[in-house]
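Produce the entire structure from the sequences given, and follow the hints as far as they go.
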Amino acid sequence: MARTRIQMVLLVVALTAAISGASASSIPEDLPHNPLEHDPLHPKHFDGGEHNAQFDHEAFLGPDESKKFDSLTPEESRRRLGVIVDRIDENKDGSITLAELKNWIAYTQRRYIEEDVGRVWKQQNPDNNDTISWDSYMQAVYGFMDDLSPDEKEQEENGVSYKSLLKRDRYRWSVADQDLDDNLNKDEFTAFLHPEDHPSMKGVVLRETITDLDKDHDGKISVDEYIGDMYRSTGAEDEEPEWVANEREAFSMHRDLDKDGYLNEEEVKQWIAPHDFDHSEAEAKHLLFEADADHDDKLTKEEILDKYDVFVGSQATDFGEALARHDEF
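Throughout the sequence shown, residue numbering follows mature numbering (1 follows the signal peptide of the UniProt record, and there is no 0), covering -24 to -1, 1 to 305 in sequence.
Hints may be right or wrong, so weigh each one.
[Claimed, not checked] Straight-line Cα separation of at most 27 Å, DSS-like style, residue types lysine-lysine; simulated pairs:
| no. | residue 1 | residue 2 |
| --- | --- | --- |
| 1 | Lys78 | Lys261 |
| 2 | Lys143 | Lys162 |
| 3 | Lys283 | Lys78 |
| 4 | Lys245 | Lys78 |
| 5 | Lys68 | Lys261 |
| 6 | Lys98 | Lys143 |
Since the hints were made in silico from the structure, they are not lab data.
See below:
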């Protein structure tokens, strides 16, 4: 039971970090052509140096819907994508503009967060009370720790221990708790689960990012710590891939603003939360670049369906059970 629970907690932490990283990258102004394709500042979109198509699918559909499309045939993916395209076309003129695509991507992100919070809220609060107490949440998620020894609580796996996860959640809870009653209402609970989406939680995201990367606890991020978050060699004689060299260059040229070889707190802040970056707009531009065959800066349904794999993907050869949303399909 302990192993199952901690794996669940680790998954939530990893997902939160992934979303934060995906929404926090910036784009050089002089980037030619595709706004993301050659962007060395977007490691989540180009995981391991290869274009991560799942990033696009999750941005366009939301993480939950993306998984559902993965079980469909190409034919069914196209059909359902066509239904979505009709919804994106706000003025029903037969073409999708950048603004309409941006609005849809922002909507899917909001929808995912609302549904994710609703799901966890129901699990943690089956009586649907107005608030959830810290003691109740801690017991539900970390109660298994009562049966662990001190050494088991502090044992680390990839730099993370049960004790450190509990400490992290406790601090995050206290910041989300705006009225300081140690209970969270649904809005506060949303900030707790998805701090990357709340301005009041920016300090928490910054603190957690630095904690995750700063392995030697010196208060700053070296280039090796920065790279280590994305790539770990399997042997001393392994030659680093080219994309790692590109990331090292990105560190020195775009991240390390004072050129001292490290990222300080302000530089990490500029990296993960640039004030002029709009994730929905950047992703919309990327998808437009990928599918705009006639280069008229808008997409027809045919152009989108021709590039269905860019928007939704399809990996299976049969349907299995019906996984569609009844309200959309």
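Given the hinted pair Lys245 and Lys78, is their alpha-carbon gap at most 27 Å? 25 Å, holds
What's the verdict on Lys78 and Lys261, does the C-alpha distance respect the 27 Å limit or exceed it? Between Lys78 and Lys261 the Cα gap is close to 8 Å, so the pair holds against 27 Å.
Verify the proposed pairing of Lys283 with Lys78, using a straight-line Cα cut of 27 Å. 18 Å, holds
Sort out whether Lys143 lies within 27 Å of Lys98, counting only the CA atoms. 24 Å, holds
Tell me if the straight-line CA distance from Lys143 to Lys162 falls inside 27 Å. 22 Å, holds
Does the alpha-carbon distance linking Lys68 and Lys261 stay inside the 27 Å limit? 20 Å, holds
The earlier numbered hints are all upheld by this structure, with none contradicted.
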